[in-house]
Amino acid sequence: MQDRIEKRMELKAPVARVWRALTDYREFGAWFRVKLEGPFTPGRPAEGQITHPGYEHVRWKAVVQKMEPERLFSFTWHPYAIDPAVDYSAETPTLVEFRLEPSAEGTSLVLTESGFDRIPADRRPEAFRMNDGGWSAQMQNIADHVTQRS
Amino acid sequence: MSRSAVEGGIARRRHHAAVFAALGDETRLALVAALAAGAPRSIAQLTGGSRITRQAITKHLRVLEGAGVVRSARRGRQSLFELDPAPLTEMQEYLGRVAEQWDQVLSRLKSLVES
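Protein sequence lines, in the order shown, are assigned to chains A and B.
The working numbering puts the first residue of the first sequence at 29, with every later residue one more than the last.
The working numbering puts the first residue of the second sequence at 723, with every later residue one more than the last.
In isolation and in its complexed conformation, chain B is listed as follows (with noise of 0.2 Å):
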């Protein structure tokens, strides 16, 4: 395996852990769930409803935003965000990766007890 290789699978594991990180907090849940629903949302919308003031949604989001869970472009005068599914399917793939060597060393186990 080529070292460009090698650190590329370490920044998408540091990036793996940052997206499973921002998702941990129940907050950055609701909005991505908000989010997944459909159309972009301004920060009013998401606030809308909710009893966390406009700030701590603001600064929820640029976490979010961060670990590229969501992404915003400005409109007029105010911001949109909206949900990238990319990085949530990624992680889904490399827990799948990492379970499915956990198959195979499993199965060795099994053969050794078993025998």
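If we strip away everything but chain A, and leave its shape as in the complex, we get (with noise of 0.2 Å):
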């Protein structure tokens, strides 16, 4: 068990193309299925409609964080924020980061969302605020005394 999600991916593409794919808001629509406003800035929102099939109703939000060319593009969001009704924007948002790094095959791409343990600012007493000292390692262990427990 760990307290943020990590997927690692070979491209058989050079960083150039995935870099462009990932932040060239038209071609992050095509695959994310999102019809994005306009380009992507840092520490700017970016908006669209998404276009998945089902969810066309659904505005898509996220606030660029970096984009270090060919190395690092992040944004925060809500994840699962799909219903227009609510209004998702006081809940705490997780970071999504795509590293990218040159590799045999072309790129290898890592993407990390985390931010998991956040709770919105005015519940989070003192008492939560995180200690990193091998969270996930202990987590694990947590996890396997429960699973022996089942």
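Do not rely on the hints blindly, as some may be mistaken.
As the list claims (entries may be wrong) - Calculated pairs, SDA-like style, for lysine to any residue (alpha carbon to alpha carbon, straight line, at most 25 Å): (1) A:K40 <-> A:E129; (2) A:K63 <-> A:W105; (3) A:K94 <-> A:G82; (4) A:K89 <-> B:A821; (5) A:K63 <-> B:L834; (6) A:K63 <-> B:S829; (7) A:K89 <-> B:V827; (8) A:K94 <-> A:S131; (9) A:K35 <-> B:L834; (10) A:K94 <-> A:R127; (11) B:K832 <-> A:E96; (12) A:K63 <-> A:E84; (13) A:K35 <-> B:V820; (14) B:K832 <-> A:E133; (15) A:K35 <-> B:Y816; (16) A:K94 <-> A:R36; (17) B:K781 <-> A:E96; (18) A:K89 <-> B:L817; (19) B:K832 <-> A:R48; (20) A:K63 <-> B:E822; (21) A:K94 <-> B:R830; (22) B:K832 <-> A:V92; (23) B:K832 <-> A:L123; (24) B:K832 <-> A:A44; (25) B:K832 <-> A:A58; (26) A:K89 <-> B:V820; (27) A:K40 <-> B:Y816; (28) A:K63 <-> A:E98; (29) B:K832 <-> B:L817; (30) A:K35 <-> B:W824.
For the record, the hints were derived by calculation from the structure and aren't laboratory data.
Both chains are given apart, each in its own frame, so use the hints to dock them into the complex.
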């Protein structure tokens, strides 16, 4: 059990090609299934209409964090924010990071989504502050315990 | 999707966040690990062998209880604490669903750049 999601993938394409697919808002929209209204700019919101079948009525919103050419593209958003009637802005967003590195095959891509441990600031007592001493490893230990027990 | 289903989803997400946050502390993780080993334990049993005060342990147990990871029952003059593994399992399932969505999204990215 972990406090983040991490996916690694080998892509048979040059880093420059992957970078374009990630950060050109039209290309991003094609594989992410969202029709974005304009280019990505660090520190700025990105918005558009989801094009995934069945979810076309839903707005997609993120805030671009970092764009370090051919290395790192990141944004914050609300996963599962799929109901237009609900205001998700009060929810604490998670951070999505795409990291690229050249590899023998072309490009190594590492995706991480983190921040699932956060709760809205007004409900976060001092005692809830994160302590990152081997959190994931300890969670694994606990998961093992729990599994053995059930 | 109905409004109530979505609100349920948000309530669950808040709850997940509270569980993640409650576990984001070494002392509380150690307490959960101790309770995962088996039988309900008293505060005195959980404090034994640790350098942390009884008051501090109590406070940590209440945080875990607030997140639903631990439940307590009064037995005579003392409270006994035990682990409820359900929130840990739910959290794992929630992350699994988000991870599955990423698999689909990333496979579309792969098709695009490799074509």
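Quick rundown of the hints versus the structure:
Proposed proximity of A:K40 and A:E129 is supported: the alpha carbons are some 12 Å apart, at most 25 Å. With a C-alpha separation of about 16 Å, the suggested pair A:K63 and A:W105 falls inside the 25 Å cut-off, and the hint holds. For a cut-off of 25 Å, the pair hint linking A:K94 to A:G82 is broken: about 31 Å separates their Cα positions. For the suggested pair A:K89 and B:A821, the alpha carbons sit about 19 Å apart, so the restraint of at most 25 Å is met.
Between A:K63 and B:L834 the CA atoms are separated by roughly 16 Å; this keeps the pair inside 25 Å, and the hint holds. Of the pairs offered as hints, the one joining A:K63 and B:S829 holds, with about 19 Å between alpha carbons and a cut-off of 25 Å not exceeded. The hinted pair formed by A:K89 and B:V827 meets the criterion: a straight-line CA distance of about 16 Å does not exceed 25 Å. For the suggested pair A:K94 and A:S131, the alpha carbons sit about 22 Å apart, so the restraint of at most 25 Å is met.
Annotation: proposed proximity of A:K35 to B:L834 holds, straight-line Cα distance about 18 Å (limit 25 Å). Annotation: proposed proximity of A:K94 to A:R127 holds, straight-line Cα distance about 11 Å (limit 25 Å). Distance check on the hinted pair: B:K832 and A:E96 sit about 21 Å apart at the alpha-carbon level, within 25 Å; holds. A distance of roughly 10 Å separates the Cα atoms of A:K63 and A:E84; the hinted pair therefore holds under the 25 Å criterion.
Between A:K35 and B:V820, the direct Cα distance comes to roughly 11 Å. Compliance with the 25 Å bound is thereby established for this hinted pair. Pair hint B:K832 plus A:E133 holds up; C-alpha atoms about 13 Å apart against a cutoff of 25 Å. At most 25 Å may separate the alpha-carbon atoms for a hinted pair to count; A:K35 and B:Y816 meet this at roughly 16 Å. Only pairs whose Cα atoms come within 25 Å are accepted, and A:K94 paired with A:R36 is accepted, the gap being roughly 19 Å.
Between B:K781 and A:E96 the CA atoms are separated by roughly 43 Å; this puts the pair beyond 25 Å, and the hint is violated. Proposed proximity of A:K89 and B:L817 is supported: the alpha carbons are some 20 Å apart, at most 25 Å. Using a Cα cut-off of 25 Å, the hinted pair B:K832 and A:R48 holds, with the two alpha carbons roughly 13 Å apart. For the suggested pair A:K63 and B:E822, the alpha carbons sit about 22 Å apart, so the restraint of at most 25 Å is met.
Under the criterion of a C-alpha separation no larger than 25 Å, the hint pairing A:K94 with B:R830 is consistent with the structure, at around 23 Å. Taken as a hint, the B:K832 and A:V92 pair is honoured in the structure, with Cα atoms around 22 Å apart against an allowance of 25 Å. For the given pair, B:K832 sits about 21 Å from A:L123 by alpha-carbon distance, which is consistent with the 25 Å threshold. A C-alpha spacing of about 14 Å is found between B:K832 and A:A44, which places the hinted pair at or below 25 Å, so the restraint holds.
At most 25 Å may separate the alpha-carbon atoms for a hinted pair to count; B:K832 and A:A58 meet this at roughly 12 Å. A threshold of 25 Å between alpha carbons decides the hint, and for A:K89 with B:V820 the separation of about 17 Å falls inside it, so the pair holds. About 31 Å separates the Cα atoms of A:K40 and B:Y816, which puts this hinted pair outside 25 Å; it is violated. Distance hint between A:K63 and A:E98 is fulfilled; the C-alpha atoms sit about 23 Å from each other, no more than 25 Å.
Between B:K832 and B:L817 the alpha-carbon distance is near 22 Å, which keeps this suggested pair within the 25 Å criterion. With a C-alpha separation of about 8 Å, the suggested pair A:K35 and B:W824 falls inside the 25 Å cut-off, and the hint holds.
When each numbered hint is compared with the structure, violations occur for hints 3, 17, 27.
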